[in-house]
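Colleague: As a plain string of letters, each chain reads:
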Amino acid sequence: MQQEKVHVRLLLIAGVVLLWMMCVFGRVAYLQLFLHSDYLAKASRQQRRTLEITPKRGAIYDRNMHPLAMSVPVHSVFAVPSEIKDMELATRLLAGALGIPQATLREKLESPSNFVWIQRKVTPEKEEAIRSLNLKGIDFLEEYQRNYPKREMAAHVLGFVDVDEKGLGGIEYEYDNLIRGKSEKIVVMADAHQRWYDGGEAQKDRGASVVLTIDEKIQYIAERELQAAIAKTRAPAGTVIVQDPNTGAILALANWPRFNPNAVTDVPNEARMDRAVSAIYEPGSTFKLVTLAAAFDQNLIRADEVFNCENGSVLVAGHRIHDHKAYGMLTVSDILANSSDVGAIKIAMRLGSPKFYDYIHAFGFGSLTGVDLPGESRGILRRLENWGSFSIGSISMGQEVGVTPVQLATAVSSIANGGLLYKPHVVQEIRRAGQAVPLDGASSITEPKRSIRPETAATLRRLMEGVILHGTGKLARLDGWTAAGKTGTAQKIDPNTGRYSPTKVIASFTGFAPINNPAVTILISIDSPEGWPHGGGDVAAPVFKRIAEQVLPYLDVARDVPVSPRLLQTSYRNETQIDSSAVEDFTPANLELETSDVPERQPAEKGSSKPKEVTVAVEEGGDITVPDFTGKTMREVTEGCLKMGLNPVLVGTSLASHQIPAPGSKVRRGTKVTVEFGKAADLAAKAR
Amino acid sequence: MEKKNKAMMVEFHTVKRIDNSRLRRHIEPAKLRNLYKTVALGGVVAMCFMFYIYQHFRCIDLSFQLEDLKGKQEQAANLNGKLRLNIATLRDPHRIDLIARHQLGLTEPGPTQVREYTNFDGAEEASVRYTRPNRQP
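In order, the protein sequences belong to chains A and L. Residue numbers in the first sequence follow our numbering, run continuously in steps of one, and reach 791 at the last position. Residue numbers in the second sequence follow our numbering, run continuously in steps of one, and reach 591 at the last position.
The shape of chain A in the complex, shown without the other chains (with noise of 0.2 Å):
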């Protein structure tokens, strides 16, 4: 009996045991198998989030892979005012905190909108103070801001974004859309705190990265000699290009005003001009090299032909013309040494105005050059039937004409490696992820055009050398290379009066070193220096003869001007005290201020303690000697240079009449040597 008391209280435990897991897993498998998806919809709702995530911008390097522009993480203060508990406590201590007037805050915080910008891109100390705060409704959001580390250098190139790093100038407008990337919105799970455990799959079209061709320490050295240039004349604006004229690369292009991309708020315009490109200007004298190049290329004239310059005066079409001199009989490498105007105008009248035309053409003005910088002009030209009766003696002495400095650097450079027009270029490659990207469409690299042939090149380097040798560019000479170059200084047109001011002038010299193999073709310009004189050969060719004698070593160019045997000083700090005050604006985080110019070379004090000098013995110059190759033919002058080591460039025909270096120079082994080989009646007159 009890027993079955036992029993049954055991069954009816049991069946309620029983009922409730049945109930249990019951619901279990109703709320797995039923509702799986609703539940599981309803999480994927909770922890999944879409973010747009935007890319990094890409950097800017020059070609050494030294960074001139990057990006940097700030933090950018955000508010959304229906969080916040105290306005009026939030607006005192931001407005404090981060320097913003207080009323300009209030309007902020009082809008209606759920997301009010404070301030974008913040100093980290600013943000660590109001981090500090730790207001309710104020919070951050990281954002990148572009830095340009060498702040000036190179700033017309690199050019400046906006507040949103929108490319605005320069290459950062030129390639925006691959330095920027594409922004792309990727999926996160997050847990109730906002932790990702699944941050979604990694950007796939991060910014791209942009190497110039431009040289940090080159770039340098141009800007600095403009500056001084500048500093010294007190002219308004110039500009310094300087350029590969074996590839059409810019390794430094510099302008003045510049400006400082990191604050260019209130930069005016004239100062965000890219001079280089942009800059239309009558190329004066200058120009006489497409001229006489036109000339030679269609064998109408001779280097030793002698043109009469009616003693500094014609009269064509009505305009009387007047050299700087009054010059004689001048043969057409005094033409142009001298700049003769007459004599210019002579070899022009013999070409005719199409040919003439199509050399211009030729050298690439009128056209755009294709250079990868934003806003090129492609300069003034007429058309030919547009031609006055004069025109082609003003074209020929370079009025009438507009170019621009980078077109007149390119055309040169074409001189300068044997007749070869190459596309100037400053950026070298593209690459993302450590890989380069083809350049296409427009950025890339071109086939060159054939301006004039290699013998008219050839001649022409010869009679710019002339230019320095015994011209007008005698202060361009360079001390341990040969070079050759042409002076221009030409008239500006009076806005007031209408006519060329007599006054006012662009000093330009263009030139290359060293003739033999040109490393660089360097081009100043100079708009309207003060003072007497003002001559491109007074003003511009002393720039260049400091840029390229800083420039050459530094490429490791050989001196092929035979240089005696010279002792070597170097100086060692004085021992005056230490003036550490000049340094302190190059701390990183003060991108913004202005620099100051650059102090003129102090001389050395008198009276100051000497700075020690070491003195050791050197031996300068190469150990082979050019012997003289005139008269020989073509197999001697190839076999006696392969024989000494050298590296022959023939140029002509029949028998050897000139040689770059002159016979007796020292040189080192592997040096090029040209050799033109004229006939046999040239050779005679020049005996006698």
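Among the hints, a few may not be true.
Which residues of chain L face chain A? A few of them, derived with a C-beta cut under 8 Å, are [claimed, not checked]:
hint: 1; residue: Gly-497
hint: 2; residue: Ser-517
hint: 3; residue: Phe-518
hint: 4; residue: Glu-521
hint: 5; residue: Ala-530
hint: 6; residue: Asn-532
hint: 7; residue: Lys-536
hint: 8; residue: Arg-538
hint: 9; residue: Leu-539
hint: 10; residue: Thr-543
Pair ranges (Cβ atoms, derived) [claimed, not checked]:
hint: 11; chain 1: L; residue 1: Leu-558; chain 2: A; residue 2: Gly-748; range: 40 to 46 Å
hint: 12; chain 1: A; residue 1: Asn-411; chain 2: L; residue 2: Glu-562; range: 24 to 30 Å
hint: 13; chain 1: A; residue 1: Val-111; chain 2: L; residue 2: Pro-483; range: 53 to 59 Å
hint: 14; chain 1: L; residue 1: Asn-488; chain 2: A; residue 2: Ala-146; range: 27 to 33 Å
hint: 15; chain 1: L; residue 1: Arg-512; chain 2: A; residue 2: Arg-234; range: 24 to 30 Å
hint: 16; chain 1: A; residue 1: Asn-280; chain 2: L; residue 2: Glu-562; range: 41 to 47 Å
Source of the hints: derived by calculation from the structure; they are not laboratory data. Beta carbons are placed, not taken as given, at the ideal position from N, Cα and C, and that holds for glycine.
Knowing the structure of chain A, use the given hints to seat chain L on it.
Modeller: Showing chain L alone in chain A's frame:
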């Protein structure tokens, strides 16, 4: 009447001494084996479920750690970028030029000073290696 009779009946309880100590419960081997198999199988299934649950939560935990490390990596990369920016600023040629001229008292070599020099053994190779990248192709 019958109830009265039943009440007058005396019941006698006899004690039976039953010694069951020699009795052994016979367990059928087959049933025992089946039991063991069932328990083992159940254990395996349970382990599988436990392992599944463990790896699921372990995976989530590792994901948290991974995202945490990604965040640290990004912070390190950002710091690296800022340091490279500092380096680039300090290497500004204008700044170095000012230091050289103003602090160290260096000047440009004059026209009679020569920059090239005869290298000694070992130094010559290093010098060539240093200057060669500057040479234009």
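Colleague: Against this structure, judge whether each hint is valid.
Modeller: To see whether the hints hold, each was checked on the structure:
1. Gly-497: violated, 20 Å
2. Ser-517: holds, 4 Å
3. Phe-518: holds, 5 Å
4. Glu-521: holds, 4 Å
5. Ala-530: Not OK, violated: Ala-530 of chain L not within 8 Å of chain A, min 12 Å.
6. Asn-532: Hint on Asn-532 of chain L: holds, closest Cβ of chain A at ~5 Å, below 8 Å.
7. Lys-536: holds, 5 Å
8. Arg-538: This interface hint holds because 7 Å falls under the 8 Å limit.
9. Leu-539: Cβ of Leu-539 of chain L sits 6 Å from chain A, so the hint holds.
10. Thr-543: holds, 4 Å
11. L:Leu-558 x A:Gly-748: 40 to 46 Å: Holds, since Leu-558 of chain L and Gly-748 of chain A (Cβ atoms, about 41 Å apart) stay within the stated range.
12. A:Asn-411 x L:Glu-562: 24 to 30 Å: violated, 46 Å
13. A:Val-111 x L:Pro-483: 53 to 59 Å: The hinted range 53 to 59 Å is violated for Val-111 of chain A and Pro-483 of chain L, with Cβ atoms some 35 Å apart.
14. L:Asn-488 x A:Ala-146: 27 to 33 Å: violated, 42 Å
15. L:Arg-512 x A:Arg-234: 24 to 30 Å: violated, 35 Å
16. A:Asn-280 x L:Glu-562: 41 to 47 Å: holds, 43 Å
Going down the numbered hints, you'll see the structure goes against 1, 5, 12, 13, 14, 15, while the others check out.
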